[in-house]
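As you go down the protein sequences, you meet chains V and H in turn. Taking full-length UniProt numbering, the leading residue of the first sequence gets 1, the next gets one more, and so forth. Taking full-length UniProt numbering, the leading residue of the second sequence gets 1, the next gets one more, and so forth.
No wet-lab data here; the hints were simulated from the structure. Among the clues, some could well be false.
Unchecked claim - Derived coverage of chain H by chain V (criterion: at least 3 residues anywhere in the stretch with Cβ under 8 Å from a Cβ of chain V; other residues may be distant): (1) 10-21; (2) 104-115; (3) 136-147; (4) 193-202.
Said to hold, decoys possible - Label pairs and their calculated CB-CB ranges: (5) Ser143(H) <-> Ser182(V): 42 to 50 Å; (6) Asn185(V) <-> Leu168(H): 44 to 52 Å; (7) Glu160(H) <-> Val30(V): 26 to 34 Å; (8) Ser36(V) <-> Val30(H): 48 to 56 Å; (9) Cys25(V) <-> Asn208(H): 18 to 26 Å; (10) Asn185(V) <-> Gly123(H): 49 to 57 Å; (11) Val30(V) <-> Gln155(H): 22 to 30 Å; (12) Asn5(V) <-> His35(H): 19 to 27 Å.
Fair warning: this is a prediction, and the values are worked out from it, not measured in the lab. All residues carry an ideal CB built from backbone N, CA and C; glycine is no exception.
Protein chains: 2
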Amino acid sequence: MKKENISDAVIRRLPRYYRQLTELCGRGVVRISSHSLGQEMNITASQIRQDFSCFGEFGQQGYGYNVEELRTEIGHILGVDKDHHLIMIGVGNLGRALLQNFRFSQTGFTVDAAFDVAPSVIGTVVNGVSIYSMDTLEEYIRSHNIDVVVLTIPQAVAQETASRLIQLGIHGFWNFTNVELSSPNPDVKFENIHFADSLLTLSYRIANR
Amino acid sequence: MKKENISDAVIRRLPRYYRQLTELCGRGVVRISSHSLGQEMNITASQIRQDFSCFGEFGQQGYGYNVEELRTEIGHILGVDKDHHLIMIGVGNLGRALLQNFRFSQTGFTVDAAFDVAPSVIGTVVNGVSIYSMDTLEEYIRSHNIDVVVLTIPQAVAQETASRLIQLGIHGFWNFTNVELSSPNPDVKFENIHFADSLLTLSYRIANR
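Can you make the complete structure from the sequences, with help from the hints?
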């Protein structure tokens, strides 16, 4: 499998392919051409073939793709089958919304625990996830294998918390704080959800339609 | 101002520029070169100049950009100064988290009202926003100028609710439902927050670091 120098744009299309293929599986579609897949996703067929060629050969010329096989393959590339473990820091409204509504398991993640500073939530359980005191965070991380930390904490403590976690060996951050976090270590990966960027994009689009 | 055929990638970088320039203003930076701005954002200087050239001339060759002027200009392009009006449909945990924590005003939006079906939340007020019954939605939209609807409702009712709103003349949707919404009318704009796509991108990155 070739996996060098894959552009950010290609990587960001992979989850979209996975989502579309999951939907096609649900609809009972067995086989699809790059042309039809492109039409469903508003991507050209040649772009799709080029994206997939970064990871090897998935289809057979002239026969299209087997939907379920392709979904499994892309899911594998994305790590859906890896059983990643995750903890959440900050169980305010947003953290609670994610715990209650987001289907972590569908992306291959298990939520092992959540942490907060508020006495009113410490010791409670949200959708099966126990919420612990931040005081116990370091000990917890040292004794568990955690792949990703979800940061749903206030901006003011974002970088400081991230730095503390990086020192404890955490390499993956799903960052909802709207602060641009950084690390001198290039192996530490931050994935940011920027609500404001998204709403501003919409603002531009409605003004320029 | 030239504004035709601007690519999706350029549009998506505009909010990032705006965010970075806001931060630079906060730090008291008065003037910045495309080179320095690029270093801060991990974008090449030529990419920045090319992006800005889509919208006119902002800097003076060799003198760099005036940070505050450029921020105002990009904010204007994004519509931050337009006083857009928005309503929210669905005040569960996620809707509540957005109402309480997201600074709508910083993106030029005012939240006029929110709607839900649950008797326990109808009639309450969250962070100054009144929550009304879904039964009053049509009347409300007919008598107010609403630019954008935030959809924080369950997947099962997402498309049906969007279609009803489109018929009432709504053109902008900030969509948190994880359902790919569509309209035959190209003037209707959907901006999707796909949490799963984001987490899968992170999953890929930690597996391939």
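Okay, the hints, checked on the actual structure:
Check result for the region 10-21 of chain H against chain V: holds, 7 residues qualifying (beta carbon to beta carbon below 8 Å, three or more required). Counting residues of the region 104-115 of chain H whose CB lies closer than 8 Å to any CB of chain V gives 5, so the stated coverage by that chain holds, three being the minimum. By the rule of at least three residues with a Cβ nearer than 8 Å to a Cβ of chain V, the coverage given for the region 136-147 of chain H is violated, with 1 such residues. Evaluation of the coverage hint for the region 193-202 of chain H: fulfilled, as 10 residues show C-beta separations to chain V shorter than 8 Å, against a requirement of three.
For the pair Ser143(H) and Ser182(V), the supplied restraint of 42 to 50 Å holds, since their beta-carbon distance comes to about 48 Å. Against the hinted window of 44 to 52 Å, the Cβ-Cβ separation of Asn185(V) and Leu168(H) comes to about 51 Å, which satisfies the hint. Checked against the hint of 26 to 34 Å, the pair Glu160(H) and Val30(V) passes, with Cβ atoms roughly 29 Å apart. About 53 Å separates the C-beta atoms of Ser36(V) and Val30(H), a value consistent with the hinted range of 48 to 56 Å.
For Cys25(V) and Asn208(H), the Cβ-Cβ distance of about 25 Å falls inside the hinted range of 18 to 26 Å, so the restraint holds. The supplied range of 49 to 57 Å is met by Asn185(V) and Gly123(H), whose beta-carbon atoms lie about 51 Å from each other. Checking the proposed 22 to 30 Å range against Val30(V) and Gln155(H) shows it holds: the Cβ atoms sit about 25 Å from each other. At roughly 24 Å, the beta-carbon separation of Asn5(V) and His35(H) lies within the given 19 to 27 Å, and the hint holds.
The structure fails hint 3 only (numbered hints given earlier).
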